[in-house]
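Engineer: Sequence:
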Amino acid sequence: MASPNPPGSGKTTLYWLLLPIIIPVLISAVIYQLETFDAAPLPIDIFSNPISVPKRHDRVLSVSERIGEGLLLGPEDLAYDARKDLLFTGCHDGWIKTVSLRDDDPNVQNWTFVGGRPLGLALAPDGSLVVAEPGQGLLMVRERGTMKLLTDSAEGLRFGLTDGVDVTSDGKIYFTDASYKYPLEDLLMEFMEARPYGRLLSFDPETNQTVVLAKNLYFPNGVSLSPDQRSLIFCETLLLQCKKYYLDGEKKGIIDIFIQNLPGFPDNIRYDGEGHYWIGLASGRSYLWDIIFKYPFLRKMMVALEKNHVRIPQIIENGGLLSVDLNGQPVSLYYDKGLYQVTGGLKIGKYLYQGSLSKPYLTRIDLDQHVARDV
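Using UniProt numbering, read the sequence shown as starting at 1 and increasing by one per residue.
Everything labelled a hint here was simulated from the structure, so no lab data went into it. We put the CB at the ideal spot given by N, CA and C, even for glycine. Any given hint might turn out to be false.
[To be verified] Quick list of in silico lysine-lysine cross-link-like pairs, DSS-like style, CA-CA up to 30 Å:
#	residue 1	residue 2
1	K251	K307
2	K181	K294
3	K172	K244
4	K359	K337
5	K337	K55
6	K172	K215
7	K294	K307
8	K215	K84
9	K350	K55
10	K84	K359
11	K181	K244
12	K300	K251
13	K172	K252
14	K337	K350
15	K84	K55
16	K294	K55
17	K215	K148
18	K359	K55
19	K294	K251
20	K215	K300
21	K181	K148
22	K307	K181
23	K84	K181
24	K350	K307
25	K244	K294
26	K252	K181
27	K307	K337
28	K300	K252
29	K294	K215
30	K172	K251
31	K294	K337
32	K350	K84
33	K359	K181
[Claimed, not checked] Pair by pair, the computed Cβ-Cβ distance ranges are:
#	residue 1	residue 2	range
34	D105	I254	26 to 36 Å
35	D38	T168	16 to 26 Å
36	E185	S52	17 to 27 Å
37	D325	S286	46 to 56 Å
38	D374	D105	30 to 40 Å
39	S100	H370	21 to 31 Å
40	P43	D81	16 to 26 Å
Turn these sequences into a full structure, and let the hints steer you where they fit.
Structural biologist: Right, here's the structure in full:
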């Protein structure tokens with residue numbers, strides 16, 4: 001006859017079963033208490049439901065053509081010289097590269113090495129290329145490859161992450177410093193802390209004067225002048241919105257909301273000359289992202305785990321390109337579940353070119369053949 005279980009054996013078994021759960025929880029609690037990182041709450045209204053987009057194409061990967069594969073390493077922003085049918089892009093190896101669009105098979109060439117990790121690009125009226133390089137500041141590169149630093153600080157505060165840029169027809173430059181606190185390599189820390197460390201600025205090459213137009217912005221990113229150049233639109237990534245800054249007229253210096261509750265995190269923005277802005281969405285929104293940004297303690301825990309070499313699973317997907325009209329009304333969305341770190345788009349003729357922070361190529365979509373459909 002089997003012996004009865006000794007008193008307390010059931011509790012002991014339960015204890016050993018729970019131990020693999022209890023230990024990680026206790027370790028996490030200790031790590032959290034020791035972590036000095038301080039995450040901030042975000043405005044509650046950013047957690048509203050995303051806007052509805054009337055037309056969509058949700059299979060972008062299957063219809064995209066790759067350009068310069070292996071030669072264009074993280075082609076972040078795009079600038080187009082229509083006179084030469086030449087596309088400029090900045091790569092994470094420090095090179096500004098060109099893509100000739102004159103032939104059926106686009107040709108990639110090294111143009112100028114600027115170092116660092118060039119982000120925003122814009123052509124000046126004289127053919128020079130203005131480059132936002134996060135670590136150096138705002139650069140100007142001449143056609144012969146000579147490089148000049150235009151500005152790297154304003155109001156006594158050095159830029160931390162020079163990001164988006166655009167240039168007026170008379171050469172005035174508008175750009176963003178996405179964060180004066182965190183450099184590009186600490187992007188996760190910037191997003192997890194979620195404080196307004198960004199600025200919108202201007203630089204006048206005639207006077208060499210740098211002016212802060214707006215401050216206390218939540219990661220201001222891409223910049224695009226309006227067609228009449230009396231205003232500009234800039235993306236505010238952390239707040240899932242784009243804002244309009246008035247450069248002229250009765251509302252000069254005023255900032256309005258241009259579009260909010262975006263279906264993803266906006267990066268660059270470009271006007272296509274045909275009545276639409278194209279906004280790059282680095283990642284689509286999700287329930288998980290909304291929860292993470294809603295509760296600062298979750299973001300603090302994520303940073304604490306990262307610092308202790310616990311890798312956080314990648315949760316970025318459904319990136320793409322959103323087109324909106326001049327009034328900020330959504331028109332169409334080109335995206336894919338497998339797309340992420342999409343930085344921006346540029347429409348040239350029938351093609352929509354798409355940049356990336358990490359992919360080793362550009363992609364383009366033939367919009368005549370692949371039309372976004374009514375939802």
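Engineer: Hint by hint, note whether the structure agrees.
Structural biologist: Results for each hint:
1. Taken as a hint, the K251 and K307 pair is broken in the structure, with Cα atoms around 46 Å apart against an allowance of 30 Å.
2. The hinted pair formed by K181 and K294 meets the criterion: a straight-line CA distance of about 22 Å does not exceed 30 Å.
3. About 18 Å separates the Cα atoms of K172 and K244, which keeps this hinted pair within 30 Å; it holds.
4. In summary, the hint linking K359 to K337 is supported, as the alpha carbons are separated by about 16 Å, within the 30 Å threshold.
5. The hinted pair formed by K337 and K55 meets the criterion: a straight-line CA distance of about 17 Å does not exceed 30 Å.
6. Taken as a hint, the K172 and K215 pair is honoured in the structure, with Cα atoms around 19 Å apart against an allowance of 30 Å.
7. Among the hinted pairs, K294 with K307 is consistent with the structure: their alpha-carbon atoms are about 21 Å apart, no more than 30 Å.
8. Between K215 and K84 the alpha-carbon distance is near 37 Å, which puts this suggested pair outside the 30 Å criterion.
9. Straight-line distance between C-alpha atoms of K350 and K55 comes to about 17 Å, which keeps the hinted pair within the 30 Å bound.
10. For a cut-off of 30 Å, the pair hint linking K84 to K359 stands: about 26 Å separates their Cα positions.
11. With a CA separation close to 24 Å, the supplied pair K181 and K244 stays within the 30 Å bound.
12. Distance check on the hinted pair: K300 and K251 sit about 40 Å apart at the alpha-carbon level, beyond 30 Å; violated.
13. Using a Cα cut-off of 30 Å, the hinted pair K172 and K252 holds, with the two alpha carbons roughly 16 Å apart.
14. A C-alpha spacing of about 24 Å is found between K337 and K350, which places the hinted pair at or below 30 Å, so the restraint holds.
15. This hinted pair does not check out: K84 and K55 have alpha carbons roughly 33 Å apart, beyond 30 Å.
16. Between K294 and K55, the direct Cα distance comes to roughly 29 Å. Compliance with the 30 Å bound is thereby established for this hinted pair.
17. Proximity of K215 to K148 is assessed by CA-CA distance (about 26 Å); at most 30 Å being required, the pair is judged to hold.
18. In summary, the hint linking K359 to K55 is supported, as the alpha carbons are separated by about 26 Å, within the 30 Å threshold.
19. In summary, the hint linking K294 to K251 is not supported, as the alpha carbons are separated by about 33 Å, beyond the 30 Å threshold.
20. Between K215 and K300, the direct Cα distance comes to roughly 25 Å. Compliance with the 30 Å bound is thereby established for this hinted pair.
21. With a CA separation close to 24 Å, the supplied pair K181 and K148 stays within the 30 Å bound.
22. Under the criterion of a C-alpha separation no larger than 30 Å, the hint pairing K307 with K181 is consistent with the structure, at around 18 Å.
23. The straight-line distance between the Cα atoms of K84 and K181 is roughly 39 Å, outside the 30 Å bound, and the hint therefore fails.
24. Distance check on the hinted pair: K350 and K307 sit about 46 Å apart at the alpha-carbon level, beyond 30 Å; violated.
25. Distance restraint check for K244 and K294: the Cα-Cα separation of roughly 25 Å lies within the 30 Å cut-off, and the hinted pair is therefore satisfied.
26. For the suggested pair K252 and K181, the alpha carbons sit about 28 Å apart, so the restraint of at most 30 Å is met.
27. A hinted pair counts as satisfied when its Cα atoms are at most 30 Å apart, and K307 with K337 qualifies at roughly 29 Å.
28. Distance hint between K300 and K252 is unfulfilled; the C-alpha atoms sit about 39 Å from each other, more than 30 Å.
29. For the hint pairing K294 with K215, the CA-to-CA distance comes to about 23 Å; that is within 30 Å, so the pair holds.
30. For the given pair, K172 sits about 19 Å from K251 by alpha-carbon distance, which is consistent with the 30 Å threshold.
31. The straight-line distance between the Cα atoms of K294 and K337 is roughly 23 Å, inside the 30 Å bound, and the hint therefore holds.
32. Restraint check for K350 and K84: the C-alpha separation of about 18 Å stays at or below 30 Å, so the hint holds.
33. Between K359 and K181 the alpha-carbon distance is near 27 Å, which keeps this suggested pair within the 30 Å criterion.
34. About 47 Å separates the C-beta atoms of D105 and I254, a value inconsistent with the hinted range of 26 to 36 Å.
35. Between D38 and T168 the CB atoms are about 39 Å apart, so this pair departs from the stated range of 16 to 26 Å.
36. A C-beta distance of roughly 37 Å is found between E185 and S52, which places it outside the suggested range of 17 to 27 Å.
37. With their beta carbons about 26 Å apart, D325 and S286 fall outside the hinted range of 46 to 56 Å.
38. The hinted window of 30 to 40 Å between D374 and D105 holds, with their beta carbons roughly 35 Å apart.
39. As the Cβ distance of S100 to H370 is approximately 24 Å, the hint placing it in 21 to 31 Å holds.
40. Taking 16 to 26 Å as the suggested C-beta distance range, the pair P43 and D81 does not conform, at roughly 40 Å.
Violation of the numbered hints given earlier is confined to hints 1, 8, 12, 15, 19, 23, 24, 28, 34, 35, 36, 37, 40; the remaining hints are satisfied by the structure.
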